[in-house]
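> Chains as they are written, first to last, in numbering that gives the first Met the number 0: chain A, 0 to 380; chain B, 0 to 182.
Careful: at least some of the hints might be erroneous.
Listed next, the stretches of chain A that the computed footprint assigns to chain B, with coverage defined by at least 3 CB atoms under 8 Å from CB atoms of chain B [unchecked claim]:
hint: 1; stretch: 71–85
hint: 2; stretch: 143–157
hint: 3; stretch: 161–174
hint: 4; stretch: 216–224
Honestly, the hints are just simulated from the structure, not real lab data. By construction, the Cβ of each residue, glycine as well, lies at the ideal position given by its N, Cα and C atoms.
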Amino acid sequence: MSAPSKPVPLTTVESTETSDSGAQTLTLSVGPQHSGSGHMRLIVEVDGDIIVNVAPDPGYVHRGIEKIIELRNIIKSIPVIERPSIIDASNLNHAWVRSIEEIQGVEVPLRGQYLRTLLNEMNRIMSHLYWLSIYGVFLGHTTMFMWPLGDRELFIDLAEKLTGARITYSYLVPGGVRRDLPPGFAEEAVKRTEYFEKRLKEYDRIFFNNPLFTSRAKGIGVLSKEKAIELGCTGPTLRGSGVDADLRKDEPYAAYPELSFEVSTRPDGDSFSRAMVHMDEMRESCKIIRQIVKKIPTGPIRRKAPIVLPRGVAYGRVESARGECSFYLIGEGGDKPYRARYITGSYRNMAAIPAVLIGNRLADMPTAWWSIDYWPVEADR
Amino acid sequence: MSAQRTAQEEDPVATLAEGLSIWVGKLSDLVKKVVDTGPIRNVVNWARMYSLWPVNITTACCSAEFGAASGARHDLERFGVLPIGSLRQSDLIVIEGTITKKMAKRLRMIYDQMALPRYVIAMGDCAMSGGLFHDSYSIVNGAHEFVPVDVYVPGCPPRPEALEQAIIMLQEKIRRSKVYEQG
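Based on the provided sequences and hints, a complete structural model is requested.
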């Protein structure tokens, strides 16, 4: 077993101008049928095996959700809104109900806020675990595919107990949440999060401290702090580049002001630091879940909210697993919105794909690309 | 014209080829008959049943549940289902969810490139009939509009157990069918 050769520094190849001035390049189409692409296509231009240009070709899952929302009433839209990021459904749902409540002027009871936060954090863990499992299989590490998916079932069971559905909950409704905590939930949640934290240490041992991963991720796909801000990145991609930006802290919503947690940032901006931000967030989410089941107040879980959307404009945004998810909603007095602009974290992080890939070797593409945590369904909407 | 035809009729090579092709046809009919009635059929179908390799193509959000089904707890590899990158070696497409017009063309291309026999599982309501997005401007209402479908799995998204059942149903279908009439 020989150590993998060091990749060339990122700065050697700057842009496509090198290829225009005489060097022979080859254009490859990666996806949509490819083990390392997902539901999208990347048009990759390589010079030798150095990537000189990348053009993302999204839209394979564009389902016209913004138009569908205009045709349905605000409650019936909730399942449609969840579908783009089915592994992170409740966070997207939260952005939608927040924007509706802002127009309607409905206050959510505190217990309802806590339950929303609880499901959001469980979703964040599930989403990161799904991401991690796909990362594992992209790098040819089948154990890292199986373990996170198996541990994800812990939280899926928990969410199923709370909401009645495995991954698509439609749990958050304007005015509160649909169901109260089932009996015995708190003990189960504490038990499962504590077990999961032990498992995270094992992940470190088998994957994150493993040269198989570190040699392929450290220094690969570097996104500098300035570049990340300039491209408008968000979520773990932005925090992986050393920017301390998290809506849960910057613009606290739901029960977050009353909970103590830390925002993880890493200064390096490479694939490894983005991966470690995900790991830190899972640990913090475990702590938040335990705080919630301990501190949750008694009281109603839902306040009556009107079915109509009054005339007005609202902008609701939350920190979803992949970054800021926001709705710009215009109401005209009916039960349907006049217009809803829907922007998700993956959509904003798409701009970072060429930035992290250009200059790397083609073999490093899965590492750099998937570290952005780009979920094509969420980006295409 | 007529002179040419007589020349061709008298050509011994053409006559031989014609005769041979008749005999080859008869022989292949015999082979099909033997294969489909004897134990060879069972052996071939057994091999096909337990090595259903799906293509690495995901169309929409049901891929999350396909992932959960392939992972620990619902390990699809128990049934011989192992996602594979190469089209030429795969024999199953699991259409995971909504099919947009853009993706439908690619799916048909992928289907055409696969070697026979090939099977299709339409997973989720969207792949059956459009489901939640039936009134959208950019989707195809059902996989049957452009590929023949073997098994439909209802649900939005279907649970991993439902996908496992679909795999078992497809295996049962393969077990009962004739070797040369599959795909």
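> Give a verdict on every hint.
Cross-check of the supplied hints:
| no. | hint | verdict |
| --- | --- | --- |
| 1 | 71–85 | holds (count 6) |
| 2 | 143–157 | holds (count 9) |
| 3 | 161–174 | holds (count 3) |
| 4 | 216–224 | violated (count 0) |
In terms of the numbered hints stated before, the structure departs from hint 4 and from no other.
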